[in-house]
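2 protein chains.
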Amino acid sequence: MTIAPTPEPPYTAVIFTSLRTSDDQEGYTRASERMARLAEAQPGFLGVESAREGLGLTVSYWATEADAAAWKQVAEHLLARRRGREVWYADYAVRVATVTRAYGPDGPHRSSGPGAG
Amino acid sequence: MTIAPTPEPPYTAVIFTSLRTSDDQEGYTRASERMARLAEAQPGFLGVESAREGLGLTVSYWATEADAAAWKQVAEHLLARRRGREVWYADYAVRVATVTRAYGPDGPHRSSGPGAG
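Line by line, the protein sequences give chains R and F. Take 0 as the starting number for the first sequence in numbering that gives the first Met the number 0 and just add one per residue. Take 0 as the starting number for the second sequence in numbering that gives the first Met the number 0 and just add one per residue.
Bear in mind the hints are in silico, worked out from the structure with no lab data behind them. Treat each hint with caution, since some may be false.
[Unchecked claim] Calculated lysine to aspartate or glutamate pairs in the EDC-like style (CA-CA distance at most 20 Å, straight line):
id: 1; chain 1: F; residue 1: Lys-71; chain 2: F; residue 2: Asp-90
id: 2; chain 1: R; residue 1: Lys-71; chain 2: R; residue 2: Asp-90
id: 3; chain 1: F; residue 1: Lys-71; chain 2: F; residue 2: Asp-105
id: 4; chain 1: R; residue 1: Lys-71; chain 2: R; residue 2: Glu-85
id: 5; chain 1: F; residue 1: Lys-71; chain 2: R; residue 2: Asp-105
id: 6; chain 1: R; residue 1: Lys-71; chain 2: F; residue 2: Asp-105
Turn these sequences into a full structure, and let the hints guide you.
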């Protein structure tokens, strides 16, 4: 996984922090991969960054808060989230945030591709 | 590490995503621990969540954007960040965001302690 090539702010970040149970590792892994593919296909998806080291952190980036909210309502995602609450997660927090400033080693924000900068 | 017990929004999140070099592991670990202790002692510090799995993600939470900006200017932190740019990180991104909504399995936001809810 790499650092998401997000555009100049503002955009929306959804910070998902979780603690896993030890249940249904196979189903969890399969659903995670499926949800990642589905999210990428959503309107307004900008990128995602994720790591788990005991605590799991996934930050997904969206063009607008409405785009993030629409992804939350996708039927297959609703089902996966229910299974998350019931089986996969011992605890979690979701924080929806508006990114107002961004910078990296080379300047005020990360490029979104050719012509940006 | 646990999920940070942040108060009801709004508050500020600083999302730090990084890719490490393989250099100076010992110095990096020592500085990380020192910076975590220093950050906790700063005005407005609400909590931090962190995981590294190839990609490193650290999200620190602050009462206000000014509190987050003040931490950025602490002398020892400035020195650590310079060393990060020069030695520890192959790449990184910092995103400063305003959390507008937060929820967990039990409701609209996470409790900040007794009486909150």
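For each hint, the structure was consulted:
This hinted pair checks out: F/Lys-71 and F/Asp-90 have alpha carbons roughly 18 Å apart, not beyond 20 Å. Between R/Lys-71 and R/Asp-90 the CA atoms are separated by roughly 18 Å; this keeps the pair inside 20 Å, and the hint holds. Under the criterion of a C-alpha separation no larger than 20 Å, the hint pairing F/Lys-71 with F/Asp-105 is inconsistent with the structure, at around 34 Å. Straight-line distance between C-alpha atoms of R/Lys-71 and R/Glu-85 comes to about 17 Å, which keeps the hinted pair within the 20 Å bound.
Proposed proximity of F/Lys-71 and R/Asp-105 is supported: the alpha carbons are some 17 Å apart, at most 20 Å. A threshold of 20 Å between alpha carbons decides the hint, and for R/Lys-71 with F/Asp-105 the separation of about 17 Å falls inside it, so the pair holds.
Comparing the model with each earlier hint shows a violation of hint 3 alone; every other hint is respected.
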